[in-house]
Amino acid sequence: MKEDNILKNLRINKSLTQQELSEQSGISIRTIQRIEKGLASGSPHTIKALAKVLNVQDQDLLVLKESQDSKAESDLNKVKLLNFSVLSVLLVPFGNIILPTLICLYHKANKNVSRIGRKIIGFQIVTTLILFFLTVIIFLTTGRGNGAIPLPVFICYSMIAIVNIIIVIRTAIDIVKKREVLKFFPDIL
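The numbering of the sequence shown is numbering that gives the first Met the number 0, which starts it at 0 and goes up by one.
Keep in mind the hints are simulated off the structure, nothing from the lab.
Errors might be hidden in some of the hints.
Unchecked claim - The list that follows gives simulated cross-link-like pairs (lysine-lysine, BS3-like), each with its CA atoms no further than 25 Å apart:
# : residue 1 : residue 2
1 : Lys176    : Lys77
2 : Lys13     : Lys36
3 : Lys77     : Lys51
4 : Lys176    : Lys36
5 : Lys47     : Lys118
6 : Lys51     : Lys13
Stated by the list, open to error - Across the chosen pairs, the derived CB separations fall in these ranges:
#  : residue 1 : residue 2 : range
7  : Asn8      : Lys182    : 17 to 25 Å
8  : Leu75     : Gln23     : 33 to 41 Å
9  : Gln32     : Leu101    : 27 to 35 Å
10 : Asn111    : Val91     : 39 to 47 Å
11 : Glu22     : Leu86     : 46 to 54 Å
12 : Val91     : Pro43     : 43 to 51 Å
13 : Ile11     : Ile187    : 35 to 43 Å
14 : Thr140    : Ala108    : 46 to 54 Å
15 : Gly25     : Val125    : 45 to 53 Å
16 : Leu86     : Asn54     : 47 to 55 Å
Built from N, CA and C at the ideal position, the CB exists for glycine as well.
Sequences and hints are given; from them, build the entire structure.
Structure, rendered in structure tokens:
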């Protein structure tokens with residue numbers, strides 16, 4: 000049995016449905032569902048009420064809270080890695096799309112990492128396309144016979160890199176403060 004399904008396992012062992020547990024404990028069925036899915040850990044009052052109905056010690060359900068807290072910390076670290084992987088564009092062309100995509104695919108079973116990853120990757124795709132079109136326009140308008148990269152193209156790429164660094168820092172702050180990331184940017188993936 001999975002450790003993060005302790006509440007569900009205890010409930011099933013007592014032959015209770017979620018509805019029955021809700022009625023007997025006075026805890027909403029939605030809260031019970033969220034705890035069983037690992038989306039919430041429950042307040043001390045909730046844990047005490049559920050433990051009383053299930054005839055277990057509060058500490059038995061606190062293990063559930065601790066395992067969910069460690070899972071949340073692990074998810075937070077994965078999202079941070081995903082965010083900072085965008086900076087690989089400074090070393091590898093299209094690294095801002097390739098590396099985050101690989102990380103997102105590796106953690107695709109994790110809904111939180113996948114959701115935030117899609118938003119970050121979508122933003123990176125859009126900024127890369129903007130850079131590409133700006134580069135083509137600048138290249139076509141500045142003359143292109145000398146074989147060198149025109150200075151405006153370099154300036155454009157540098158500006159996009161600086162914007163990416165600023166966005167990564169801002170996203171890191173939002174992740175740590177558990178706020179929505181890139182809320183100014185629509186979900187496109």
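Violated hints - listed by number, lowest first: Result: hints 3, 5, 7 and 10 break, sorted rising.
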